[in-house]
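Chains as they are written, first to last, in our numbering: chain A, 86 to 379; chain B, 86 to 379.
Check each hint, because a few of them may be wrong.
Same chains, same names: a pair is fine if it fits in one copy or spans any two.
Stated by the list, open to error - Below are the EDC-like pairs computed for lysine to aspartate or glutamate, each with C-alpha atoms no more than 20 Å apart in a straight line: (1) Lys-363 with Glu-284; (2) Lys-372 with Asp-342; (3) Lys-363 with Glu-285; (4) Lys-376 with Glu-191.
It should be emphasised that the hints constitute simulated quantities derived from the structure, not laboratory data.
Number of protein chains: 2
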Amino acid sequence: MTDLLASWNDGEARRAIEQFVETATAPGPGFIDPADRIAAFDNDGTLWIEQPLPVQLDFISRALAEAAQQDPTLAAKDPYKAILDRDARFFAAIGAQEPAAIRALEEALARTWLGKTPEEFEAQVSDYMTQVRSERFGRPYTELVYRPMLELFAYLSANDFRVFVCSGGGRDFMRVIAEATWDIPRERVIGTAPTYTYEEGVIRRSDQLLGGLALGPGKPEHIFATAGRLPAFAGGNADVDIEMLESAGFAMLLVHDDADREFAYTGAAERSVELATKEGWTLVSMKDDWKTVF
Amino acid sequence: MTDLLASWNDGEARRAIEQFVETATAPGPGFIDPADRIAAFDNDGTLWIEQPLPVQLDFISRALAEAAQQDPTLAAKDPYKAILDRDARFFAAIGAQEPAAIRALEEALARTWLGKTPEEFEAQVSDYMTQVRSERFGRPYTELVYRPMLELFAYLSANDFRVFVCSGGGRDFMRVIAEATWDIPRERVIGTAPTYTYEEGVIRRSDQLLGGLALGPGKPEHIFATAGRLPAFAGGNADVDIEMLESAGFAMLLVHDDADREFAYTGAAERSVELATKEGWTLVSMKDDWKTVF
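Just need the whole structure built from these sequences, with the hints factored in.
What follows is the structure, given as structure tokens:
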């Protein structure tokens, strides 16, 4: 057993991961050429907590609420109104990827950040990350990244896998924290992203998306566009990760079953748990497979 | 002086490059954080020959000519007709980025590869690379990569720069040769690219571009989207590289002035040569600065 997975209990999940990596790196059947060793992980609920609201959705909500305060005419309109009212149905609709809700949110986002430079956006994300704390844990979100997953990143990297994060959340939001938090370079962060325009030496956000949302089939599509390959290893925790897990040689699905140390919920992951057995994905139980969570 | 640039003569260009890299990597003013050490290079005319026609344009021409042979109704239409007739005006219009010519070419490309899997496309590129030879040198194009530039890649990598290629040519065309030819992973190849769709486990080309053409302002736009940063070091050889060179901390412009060993031409590079002095870019003369070309 490797020393690098110290926060993992010795169980089926850990054994399956180590066996896959050992087979992939030893000459013989199952060997994977180093060039093809791409690993891809979802972020919200796979690398850090996503309750009561995915972190990026909370960040967005605050930005839209602020925009609505500065322009009161917006406050009467959705999605601003739904966000200011903390309308649970609206957040559920986003979680369920309902097209109308997603579209309303996308348009509001485009308006909020149109013309902003990367420096301006980064400063806003940095402020959020230092000022906002999880209600339940009282700590900034960057301290609520799962330690076993960081160990898995280090273990995969030590075996010449190139680790990518592929989240439905905003690519540029994650890039601000990628290097300090995950120890992976920005170019390995994939997510929903705007296009940019370059004019007179300045890069600015446009109001168009670059490709589609990195959710569902959008995940392997974005991974292929970025890496030029589908993943050899993938990790997720929800139904929006199914296509990414399907596209990978080895797949792990994290199950949130630890109400004491994190949260216990199955919402938005019913179909993926059901598929796991059929597809031979490795189920990782937070409660049973992890010695430490944070 | 470094041993890694053995094919470079000791002159102003080599000294400027080494001085930039030494300053960037030593504590003090001009130091560049390793995370920010992004280097980006154009491909055609910067890394390999682009005469009489950029390699990818030759590849495309052959694919369109083949499509026109299989469907004779296409042969009467532009751009198929212009390509079958080897119409010099059409190729010049592409080189000058005339919108109508570019659009006609894009549409023909989308049709040619619509629905193709990456494996099918890669096989076609591999065949081309092994079968087709440069008329002048009688060798496959992958043997006509400039040795001094490969040395520069190795020198930058040894100093913790992450080297990217950013070409107006097709991203997926270059990715086929990136690892064996340049020793850089596919995810560091940026270029004009289609979107893909993922359905039932299969990635296929769509008929849409992902972002715009990687030419002119499209170069820094694509580099920022991929790397999350603008380049610290950039290299190019033509007017379509101007914005990328402008966006970089250090810029080098390769001048094709060596009719004996390669080609001598200034077409499509007039404006960039003019700008070089004004902007303080390092001019690299193929004739004077390189001991060996291939």
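Structure-based check of each hint:
In this homomeric assembly, Lys-363 and Glu-284 come within 20 Å of each other (Cα to Cα) only across copies, at 19 Å, whereas the closest approach inside a single copy is 51 Å. Taking the closest pair of Cα atoms, Lys-372 and Asp-342 come within 20 Å of each other only inside a single copy of the chain (6 Å); across copies the shortest separation is 68 Å, beyond that limit. Proximity of Lys-363 and Glu-285 under a CA criterion of 20 Å is satisfied inter-copy only: 16 Å between copies versus 54 Å inside one chain copy. Taking CA atoms no more than 20 Å apart as the test, Lys-376 paired with Glu-191 passes in neither setting, with 39 Å inside one copy and 54 Å between copies.
Comparing the model with each earlier hint shows a violation of hint 4 alone; every other hint is respected.
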